[in-house]
Amino acid sequence: MRNYFLSDVELGKKDDDHKKHVKDGGLRSAQKWLPSRGPRRRSLKGVALLAVVAFLVYAFVTNMPAALGPNPLMRRPTFEQVPPRVHPGRPPPLSQANPRSRAPPPSSPERTYNGPVKFLELASSLHAIAPTQGSMTVNRNVLFAAASLKSAATLLPIACQMGTELKSYVHFALMSRSSIDLAELQKVNGIDESCHLIFHDARTENAQVSTDARMENAVFRGFHHIHTYMHPQAIIVDASSDEEVWLNRGAHQHVKVTGNTLIELPRNSGRSLGWMTKLDSAALRTWNENHIDILISAAPGASGSLIRLLRSLSAGDYTACSIPHLTIELPSDIDSSAEQFLESFSWPPPHLAGPTSSHQLTLRHRIPRQAMTEEESSARFLESFWPARPKGSHVLVLSPQVELSPQFFHYLKYTLLSYRSSMRLFAISLEQPTRLLDEKEPLIPPTGKGDVGPNGEVVRAAATAFLWQAPSSNAVLFLGEKWMDLHNFTSRSLAAKQDPGPVSSLLTDKLVSKKHPSWLEHALRLARMRGYYTLYPGEETAKNLATVHSELYRLPEEYAAEGNAQKFLADDATDEEIEAARKRALGETESSLVPMSLLDSLPNGAELRPLNKLPLLSWDGRKTDLVAVDESAATYATEFRSTVGGCSTNDKEDDSLEDLLTQDLFCVKE
1 MRNYFLSDVE LGKKDDDHKK HVKDGGLRSA QKWLPSRGPR RRSLKGVALL AVVAFLVYAF
61 VTNMPAALGP NPLMRRPTFE QVPPRVHPGR PPPLSQANPR SRAPPPSSPE RTYNGPVKFL
121 ELASSLHAIA PTQGSMTVNR NVLFAAASLK SAATLLPIAC QMGTELKSYV HFALMSRSSI
181 DLAELQKVNG IDESCHLIFH DARTENAQVS TDARMENAVF RGFHHIHTYM HPQAIIVDAS
241 SDEEVWLNRG AHQHVKVTGN TLIELPRNSG RSLGWMTKLD SAALRTWNEN HIDILISAAP
301 GASGSLIRLL RSLSAGDYTA CSIPHLTIEL PSDIDSSAEQ FLESFSWPPP HLAGPTSSHQ
361 LTLRHRIPRQ AMTEEESSAR FLESFWPARP KGSHVLVLSP QVELSPQFFH YLKYTLLSYR
421 SSMRLFAISL EQPTRLLDEK EPLIPPTGKG DVGPNGEVVR AAATAFLWQA PSSNAVLFLG
481 EKWMDLHNFT SRSLAAKQDP GPVSSLLTDK LVSKKHPSWL EHALRLARMR GYYTLYPGEE
541 TAKNLATVHS ELYRLPEEYA AEGNAQKFLA DDATDEEIEA ARKRALGETE SSLVPMSLLD
601 SLPNGAELRP LNKLPLLSWD GRKTDLVAVD ESAATYATEF RSTVGGCSTN DKEDDSLEDL
661 LTQDLFCVKE
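First residue of the sequence shown? That's 1 in our numbering, and the numbers climb one at a time after it.
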């Protein structure tokens with residue numbers, strides 16, 4: 001081609017670019033009006049050849065085999081099109097890229113299906129649980145349910161631990177959109193046959209494409225089918241954000257219709273609620289039926305103790321529990337430091353997630369400025385609380401000298417649920433007393449079997465929980481029904497004191513030291529007459545629940561003037577009195593709190609022993625048994641009815657008065 005263009009150097013030049021020759025000048029001038037000559041045939045052949053070569057190159061490139069082509073990994077990144085500008089409020093245009101060149105990102109199926117709910121796998125497992133007596137209303141079945149796989153991973157270890165206790169039939173129902181196989185779910189979460197779990201596939205068909213409304217309906221209907229065949233005593237779900245909203249909504253709808261117990265576990269509750277796995281199905285059924293109020297009687301001039309107590313209350317762990325209502329009885333004169341602290345004090349504590357109420361604090365400021373008498377102090381204290389539901393409302397009485405462990409509330413709920421059916425249980429104490437109520441002798445708590453040596457001897461006695469007829473006033477939970485008894489008994493006793501004539505020595509003799517509030521005397525009398533006892537945790541457990549500080553101790557207001565005039569040790573005390581005072585001071589040495597989880601602080605692997613297996617002490621600290629307690633109670637009650645209640649020997653106890661609290665002890669008809 002190059003030779004072709006170089007062979008005709010005159011091609012394309014104009015005639016006037018050249019000089020005219022003389023010899024052919026006439027001919028040129030005569031022919032310049034003629035049309036120009038066409039391209040030569042040689043030029044047309046070159047153009048055709050060039051077109052053929054270009055076509056062959058294009059065909060070869062577009063149909064090049066993959067083995068001969070360049071390595072795509074060595075290419076520069078290319079963009080098939082410039083992304084269009086997205087205008088606000090308009091959806092972006094669909095991609096025009098070749099689907100073979102780039103795989104589309106995985107996307108969840110469109111959830112638009114809202115057809116009838118069907119459970120294809122549930123019937124077989126429900127029919128198989130007939131031996132658990134699920135058709136009966138009261139049984140031993142407990143159900144865990146989850147929709148989210150994260151929630152399933154949270155609940156399955158708790159369910160496994162509960163199953164290993166063999167106190168209940170533990171079931172797990174999966175109500176998920178996931179298509180995971182139940183065997184794979186168990187394998188991933190470390191569940192094996194030792195967990196003794198019964199699994200139920202409660203997933204509806206077409207769950208992956210179902211609307212949230214259909215899934216909520218599926219949860220409700222799934223619980224309905226399960227309830228028919230299982231009648232679970234409690235349903236346990238994950239209430240954290242990991243769980244699907246529609247599962248929790250469906251669960252709430254179900255319990256609203258059936259009245260089932262729903263236990264909602266917040267995030268990380270497996271750590272603090274490990275003791276829940278020790279409860280049987282009957283205890284779990286009453287999970288939401290108990291509510292605790294807190295009552296504090298502040299002493300004059302003890303603002304430091306009150307502030308310390310309130311701070312320990314704020315640091316308490318109330319996971320999966322209803323926040324207790326707090327009532328503080330303030331004296332007529334309030335310290336400025338206490339007043340400033342209460343201005344900024346909030347209850348429930350601000351750090352609690354989703355408190356049940358924005359304000360559950362009551363402050364009561366006494367009007368009379370004169371010191372109260374024993375009768376006035378007892379009446380004012382017992383008037384501060386009244387159970388709305390006798391079987392489910394209880395009150396925790398706290399002295400300002402007490403400091404609480406963060407785990408104290410879990411211990412109260414654990415013991416309350418475990419011993420809920422006891423007719424003799426008067427109260428549950430958080431602290432371990434060191435002296436008898438008269439403060440004259442030390443309390444010698446009973447011990448367990450302890451460690452056994454090679455020859456069968458006891459090497460070290462182990463501290464154990466025990467029962468004592470004498471109640472406490474520092475940190476003690478009174479059961480609602482027993483509080484009503486105490487309230488009624490104190491009211492009638494105070495009225496009997498006002499009757500004309502001599503007052504019985506049973507109402508005037510003091511068996512309780514004046515270091516304790518006056519109402520404790522009435523509580524001791526009632527416990528002796530009814531055969532009631534108080535549960536004490538034992539020394540080792542008490543160290544993880546509460547401690548009583550003595551450095552800021554104040555006598556009760558009704559005894560303050562009298563007590564300040566008394567000396568702890570007389571100037572002319574004998575050697576025996578000095579030694580007794582020294583031992584008493586050593587016995588009052590306070591122990592520091594040792595915070596740890598409740599499961600770690602309780603003996604016997606956190607397994608609570610039955611009340612009838614615990615050691616029992618009489619009101620004066622002697623070892624006894626229930627037979628002796630009943631005999632002593634009958635004798636004391638007969639004497640009280642005769643000397644205080646105005647009953648004659650011919651008056652017999654009327655069985656119809658059982659619901660009238662302590663009416664049987666007083667023969668004055670109302």
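Derived from the structure by calculation, the hints contain no laboratory data.
Using N, Cα and C, we set each Cβ at its ideal position, and we do this for glycine too.
Please note: incorrect hints may appear among the correct ones.
Derived DMTMM-like pairs (lysine to aspartate or glutamate); straight-line CA-CA distance at most 25 Å [as the list claims (entries may be wrong)]: (1) Lys514 with Glu376; (2) Lys515 with Glu375; (3) Lys278 with Glu539; (4) Lys391 with Asp280; (5) Lys118 with Glu184.
Label-pair distances were calculated between CB atoms; the ranges are [what the hints assert, rightly or not]: (6) Pro300 with Arg271: 27 to 33 Å; (7) Pro131 with Val257: 57 to 63 Å; (8) Pro109 with His224: 23 to 29 Å; (9) His225 with Leu443: 45 to 51 Å; (10) Leu363 with Pro109: 55 to 61 Å; (11) Glu205 with Pro349: 57 to 63 Å; (12) Ala315 with Leu363: 31 to 37 Å; (13) Arg267 with Glu383: 36 to 42 Å; (14) Leu507 with His224: 58 to 64 Å; (15) Ala315 with Glu205: 34 to 40 Å; (16) Asp242 with Ala213: 20 to 26 Å; (17) Asp242 with Leu443: 47 to 53 Å.
Comparing the hints with the structure gives:
1. For the hint pairing Lys514 with Glu376, the CA-to-CA distance comes to about 15 Å; that is within 25 Å, so the pair holds.
2. Proximity of Lys515 to Glu375 is assessed by CA-CA distance (about 16 Å); at most 25 Å being required, the pair is judged to hold.
3. For the proposed pair Lys278 and Glu539, the alpha carbon gap of about 22 Å is at most 25 Å, so the pair holds.
4. Restraint check for Lys391 and Asp280: satisfied, since their Cα atoms lie roughly 19 Å apart, inside the 25 Å limit.
5. For the proposed pair Lys118 and Glu184, the alpha carbon gap of about 23 Å is at most 25 Å, so the pair holds.
6. Our hint of 27 to 33 Å for Pro300 and Arg271 is violated, since their Cβ atoms are close to 41 Å apart.
7. At roughly 27 Å, the beta carbons of Pro131 and Val257 sit outside the given window of 57 to 63 Å.
8. The given range of 23 to 29 Å is respected by Pro109 and His224, whose C-beta atoms sit roughly 27 Å from each other.
9. One distance hint, 45 to 51 Å for the beta-carbon pair His225 and Leu443, is violated here, with the actual separation near 56 Å.
10. In this structure, Leu363 and Pro109 meet the distance hint of 55 to 61 Å, their C-beta atoms being roughly 58 Å apart.
11. Roughly 46 Å separates the CB atoms of Glu205 and Pro349, a value that falls outside the hinted 57 to 63 Å.
12. Remark: the range hint 31 to 37 Å for Ala315 to Leu363 is contradicted by a beta-carbon distance near 21 Å.
13. A beta carbon spacing of about 40 Å between Arg267 and Glu383 agrees with the range 36 to 42 Å that was offered as a hint.
14. Evaluation of the 58 to 64 Å hint for Leu507 and His224 yields a pass: the beta carbon distance comes to about 59 Å.
15. Separated by about 49 Å at the C-beta atoms, Ala315 and Glu205 break the suggested range of 34 to 40 Å.
16. Distance hint check for Asp242 and Ala213: the Cβ-Cβ separation is about 21 Å, which falls inside the suggested range of 20 to 26 Å.
17. Separated by about 48 Å at the C-beta atoms, Asp242 and Leu443 satisfy the suggested range of 47 to 53 Å.
Violated hints, in rising order: 6, 7, 9, 11, 12 and 15; the structure is consistent with all others.
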